[in-house]
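Construct all of the structure, not just a fragment, from the sequences and the given hints.
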Amino acid sequence: MTLTRASRPLSAGVGNSNDQTRRHNLSTILTMLHHGGAQTRAQLTRRSGLNRSTIGALVTELGELGLAYETEPEDSGLVGRPSPLVHANEKIVAVTVNPDVDAITIGVVGLGAVLHKRIRFETASVPTVREAVNVVSAVVAGMRSELDARFRVVGVGIAIPGLVNSDDGTVLLAPHLGWRDEAVAEPMAAALGYAARAANDAGLATVAESLFGSGRGVNDLVYLNGSASGIGGGVLVGGSMLRGAQGFAGELGHTLVNSAGIRCHCGKVGCLETEVNLGRLLAALGQSALGLDELDALLVPGGGSRAGSAVAVTNVDADGRADGSVASPGVAGRAVASQAAGDGVTAGGFGGRLAPEVQREVDRQLDVLAVAIGNFISVFNPESFVLGGFLGSLYEANPERLRAAVAELTLGSLGESVRIERAQLRSRLLTIGAAELAFSDLLADPAGTAF
Numbered sequence: 001m002t003l004t005r006a007s008r009p010l011s012a013g014v015g016n017s018n019d020q021t022r023r024h025n026l027s028t029i030l031t032m033l034h035h036g037g038a039q040t041r042a043q044l045t046r047r048s049g050l051n052r053s054t055i056g057a058l059v060t061e062l063g064e065l066g067l068a069y070e071t072e073p074e075d076s077g078l079v080g081r082p083s084p085l086v087h088a089n090e091k092i093v094a095v096t097v098n099p100d101v102d103a104i105t106i107g108v109v110g111l112g113a114v115l116h117k118r119i120r121f122e123t124a125s126v127p128t129v130r131e132a133v134n135v136v137s138a139v140v141a142g143m144r145s146e147l148d149a150r151f152r153v154v155g156v157g158i159a160i161p162g163l164v165n166s167d168d169g170t171v172l173l174a175p176h177l178g179w180r181d182e183a184v185a186e187p188m189a190a191a192l193g194y195a196a197r198a199a200n201d202a203g204l205a206t207v208a209e210s211l212f213g214s215g216r217g218v219n220d221l222v223y224l225n226g227s228a229s230g231i232g233g234g235v236l237v238g239g240s241m242l243r244g245a246q247g248f249a250g251e252l253g254h255t256l257v258n259s260a261g262i263r264c265h266c267g268k269v270g271c272l273e274t275e276v277n278l279g280r281l282l283a284a285l286g287q288s289a290l291g292l293d294e295l296d297a298l299l300v301p302g303g304g305s306r307a308g309s310a311v312a313v314t315n316v317d318a319d320g321r322a323d324g325s326v327a328s329p330g331v332a333g334r335a336v337a338s339q340a341a342g343d344g345v346t347a348g349g350f351g352g353r354l355a356p357e358v359q360r361e362v363d364r365q366l367d368v369l370a371v372a373i374g375n376f377i378s379v380f381n382p383e384s385f386v387l388g389g390f391l392g393s394l395y396e397a398n399p400e401r402l403r404a405a406v407a408e409l410t411l412g413s414l415g416e417s418v419r420i421e422r423a424q425l426r427s428r429l430l431t432i433g434a435a436e437l438a439f440s441d442l443l444a445d446p447a448g449t450a451f
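Under UniProt numbering, the first residue of the sequence shown is numbered 1, with each subsequent residue one higher.
Computed Cβ-Cβ distance ranges for the label pairs, DEER-style:
#1 Leu172 / Arg360: 34 to 40 Å
#2 His265 / Pro82: 56 to 62 Å
#3 Ala42 / Asp367: 48 to 54 Å
#4 Gly178 / Asp367: 29 to 35 Å
With a straight-line Cα cutoff of 20 Å, these simulated EDC-like cross-link-like pairs (lysine to aspartate or glutamate) come out:
#5 Lys91 / Glu61
#6 Lys91 / Asp445
#7 Lys91 / Asp148
#8 Lys91 / Glu146
#9 Lys91 / Glu70
#10 Lys91 / Glu72
#11 Lys91 / Asp441
#12 Lys268 / Glu251
#13 Lys91 / Glu64
These are computed hints drawn from the structure, not numbers from a lab.
Bear in mind the structure is a predicted one, so any value in this text is a computation, not a measurement.
Every residue gets a Cβ at the ideal spot worked out from N, C-alpha and C, and that includes glycine.
Here it is as structure tokens:
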């Protein structure tokens with residue numbers, strides 16, 4: 001299964017039967033609602049190219065399937081009765097999983113990229129596949145009554161920091177996790193009772209940001225993600241994901257940026273992910289592990305108070321319950337939960353000024369990052385360059401420094417013409433990307449997907 005940014009033609013389907021055409025059109029309309037938000041029937045008619053009666057029938061069927069619903073809009077003050085809005089049903093959800101060397105993040109995401117819940121289980125050591133499955137199983141067990149009562153679960157999307165055979169959900173190589181040729185989707189599905197898919201995390205993040213974030217409407221984009229597992233990326237060229245001969249394009253973290261640098265786990269010296277590194281940044285901050293929102297609170301002016309970046313955080317047991325009444329999953333660690341994105345928390349940080357040793361490390365990493373970005377701009381000539389994970393926090397600590405360095409390192413006006421920005425989805429990015437993977441079958445055939 002190959003996941004790409006939405007490229008479905010918004011026009012009537014061509015099939016060899018009325019049923020095929022109807023199912024194609026259901027897919028078109030549900031995808032429009034999921035990616036584009038609530039719309040009136042008139043807007044769906046205009047944007048899809050289908051006629052009014054067809055749209056009416058499709059909206060009715062999506063409603064009967066429980067995948068969409070209509071609401072009366074607020075009074076706009078204009079003459080005439082306002083048209084009802086058609087919504088993708090946000091209670092149709094995916095369970096998402098993102099394992100990393102220091103934590104496993106589990107989410108519940110509804111159609112329309114609505115984040116209902118996110119739990120970060122911080123592990124005391126790098127988790128094995130079995131330990132990751134056990135943690136996720138325990139967390140989902142703690143949420144099971146709520147999932148059954150409030151939601152319909154489509155499946156599970158797993159975002160892996162490594163090379164993945166997305167057809168069968170096998171991790172070919174996730175070096176930082178120590179996973180090689182290990183099935184992940186199959187044991188996760190068996191443990192949870194939902195269909196599961198797995199794919200590379202940076203590729204999923206690229207898709208998510210292009211659909212729901214700063215990459216909307218951008219056809220040529222480079223996304224660079226930084227996590228505890230290193231640096232990866234994704235590239236959109238002409239609106240399509242660049243995949244490479246074997247489907248593994250995007251290992252941008254192993255671009256060489258310093259021949260006199262540190263030896264990477266891959267054996268080379270001076271890879272980007274050894275020089276621009278979360279561990280080295282945390283060491284300067286005097287920390288061992290932080291979530292992205294916590295990192296923002298320490299590093300970014302304004303920190304966690306920025307809209308869309310912060311979440312309400314409480315200590316919970318490994319099952320996701322605040323009362324700690326259910327036993328842990330047998331993996332050492334702790335969990336923190338967030339109910340929804342955008343709930344503000346006050347950031348203390350450094351009062352707008354970084355300690356000298358932190359500032360030196362931030363500036364050093366930004367200067368090295370600028371070298372890599374300059375190279376990528378020269379190769380791909382993107383319209384937009386998006387930074388996610390800890391790279392987004394690093395960038396926002398001193399955006400002017402990075403932009404100036406990139407402009408100096410690129411040919412002519414290439415660097416100045418590229419929009420460099422942080423991923424709008426911020427800490428939600430991998431969660432939303434993994435959900436998109438889980439939703440792919442439903443969006444492709446709403447009438448034929450059983451869940």
